[in-house]
Amino acid sequence: MARRISTPLTDDVVKTLKAGDNVLISGVIYTARDAAHKRLVALIEKGEELPMDIRGQVIYYVGPCPAKPGMAIGSAGPTTSGRMDPYAPILMENGLKGMIGKGRRSDSVRNAMVKWNAVYFAAIGGAGALLSKCVKAADLVAYEDLGPEAIRRLTVEDFPVVVVNDAHGNDLYEQGVKEYRIK
Amino acid sequence: MGKPAKELDVSEITKAVRRMCISANYNVPDGSIQALKKALETEESGVGREVLARILENHRIAREECLAACQDTGVAMVFVEAGQDVRFVGGELYDAINEGVRQGYRDGYLRNSVVTDPLFERVNTGDNTPAFIYVDIVPGRDVKITVAAKGGGAENMSGLRMLTPAAGVEGIKQFVVEQVANAGPNPCPPVVVGVGIGGTFDRVAVLAKKALLRSVGSHNPHPMYAKLEAELLEEINKLGIGPQGFGGRTTALGVNIEFAPCHIASLPVAVNLNCHVGPHESVIL
Chain A
1 MARRISTPLT DDVVKTLKAG DNVLISGVIY TARDAAHKRL VALIEKGEEL PMDIRGQVIY
61 YVGPCPAKPG MAIGSAGPTT SGRMDPYAPI LMENGLKGMI GKGRRSDSVR NAMVKWNAVY
121 FAAIGGAGAL LSKCVKAADL VAYEDLGPEA IRRLTVEDFP VVVVNDAHGN DLYEQGVKEY
181 RIK
Chain B
1 MGKPAKELDV SEITKAVRRM CISANYNVPD GSIQALKKAL ETEESGVGRE VLARILENHR
61 IAREECLAAC QDTGVAMVFV EAGQDVRFVG GELYDAINEG VRQGYRDGYL RNSVVTDPLF
121 ERVNTGDNTP AFIYVDIVPG RDVKITVAAK GGGAENMSGL RMLTPAAGVE GIKQFVVEQV
181 ANAGPNPCPP VVVGVGIGGT FDRVAVLAKK ALLRSVGSHN PHPMYAKLEA ELLEEINKLG
241 IGPQGFGGRT TALGVNIEFA PCHIASLPVA VNLNCHVGPH ESVIL
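Chains as they are written, first to last, in my numbering: chain A, 1 to 183; chain B, 1 to 285.
Only chain A is shown next, with the shape it has when bound in the complex (with noise of 0.2 Å):
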């Protein structure tokens, strides 16, 4: 059975997450990737503000297709977190809770999870035109230069993901593999 949250995420709610829940996410995320992490870090070392508020909240790292007339948004996937990786630890910091992408991340990134109680959660690769489908709105936050980079505010509606790493320090493949593994 998959658990129902919404966000903003509550540090309550975000410590009850285990590796390996079903969860389906109501409520606004932000779409970032690559390019717009490169900008947002450089904003918070240079003490300035960012273009939302990002306690509380959750990224999504996603590119995604254009919108067909009519529809809220195209084909919209996760891309490979790790690209993230050297910018997370300072989002965290400043009060990212939840970040949702697909594959591995790295040491560091793992253990600003734990330090800063946040979530990391697995979309489905390959799966965006299914997800688009909980996509409701999307509306245009800052970056447009970026094209498909920029940051967009999406409204979601149940869209289904798999906690990978929680705030307890557990890691979904790692447990995956070390199940299914045959020597």
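Simulated from the structure, these hints should not be mistaken for lab results.
For glycine and all other residues, C-beta sits at the position ideal for the given N, C-alpha and C.
Hints are supplied without guarantee of correctness; some may be wrong.
[As the list claims (entries may be wrong)] Sample of chain A residues with no beta-carbon within 12 Å of chain B, all distances over it, derived:
hint, residue
1, Thr-10
2, Asp-11
3, Asp-12
4, Val-41
5, Leu-43
6, Glu-49
7, Met-52
8, Asp-53
9, Ile-54
10, Arg-55
11, Glu-93
12, Val-114
13, Val-164
[Unchecked claim] Within a straight-line C-alpha distance of at most 25 Å, the following computed SDA-like cross-link-like pairs (lysine to any residue) qualify:
hint, chain 1, residue 1, chain 2, residue 2
14, A, Lys-68, B, Gly-152
15, B, Lys-37, B, Glu-231
16, B, Lys-37, A, Gly-20
Assemble the complex: chain A is given as a structure, and chain B must be docked to it using the hints.
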């Protein structure tokens, strides 16, 4: 005097490339769909079966509603096998291909994923050109064009090694399995594994890529290489990575090998990965 050359107006190539860019991204190849359905029956992990079911649902939605199956609609790889008795008229071949890519990505609402300069500028070209084009001259009067949309996630997990002949079959197996193991959840498993063996440093990578143009479930016509494909698939599916890396038996849907002659001192091997979408389509003009 033989027959005069067949004339082919390059505008026909633009039309074909435009159509295939769109169609390949909306319609996941049948070979992959059949392999996913088979995996859904045999997968032992409950989470794994759930993932496979959702992936099949995604591919159905994409086909029926004309949506890109994956938002990473890739760089456009275009392979041309041009019959030597064909003469291209009405413009330049490479321009015609790029125009087809430009129109296809625009009209199909596909994502533009190409940047100008790889290191310093990294500005999106805005129309997914240039295409990555390979042209081979073959006998005859036909032109076969294949369009493959190559996503970045799986491409980034690819690798190449210059083995020595003594490494043999075991060396090849070790490298390929290690490559998939190290990729883990990143290339969106279940993956399709393209393997190139032989040739030179540059040629072996192209062989691995061309191996991915063969449909999932097909076998190399050479029995020894077909056997190696089956053995590699079995080894890879023992890794336990499973659908999306959540653990399970279905890490790869297929392993396709292409091989070529090589230097007496060399045994090059390359692995190029595709995710379960792996869009590609061909036409003969």
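Quick rundown of the hints versus the structure:
no., hint, verdict
1, Thr-10, "26 Å, holds"
2, Asp-11, "26 Å, holds"
3, Asp-12, "26 Å, holds"
4, Val-41, "16 Å, holds"
5, Leu-43, "19 Å, holds"
6, Glu-49, "25 Å, holds"
7, Met-52, "22 Å, holds"
8, Asp-53, "26 Å, holds"
9, Ile-54, "23 Å, holds"
10, Arg-55, "28 Å, holds"
11, Glu-93, "25 Å, holds"
12, Val-114, "20 Å, holds"
13, Val-164, "8 Å, violated"
14, Lys-68(A) x Gly-152(B), "23 Å, holds"
15, Lys-37(B) x Glu-231(B), "21 Å, holds"
16, Lys-37(B) x Gly-20(A), "24 Å, holds"
The structure does not agree with numbered hint 13 stated previously, though it agrees with all others.
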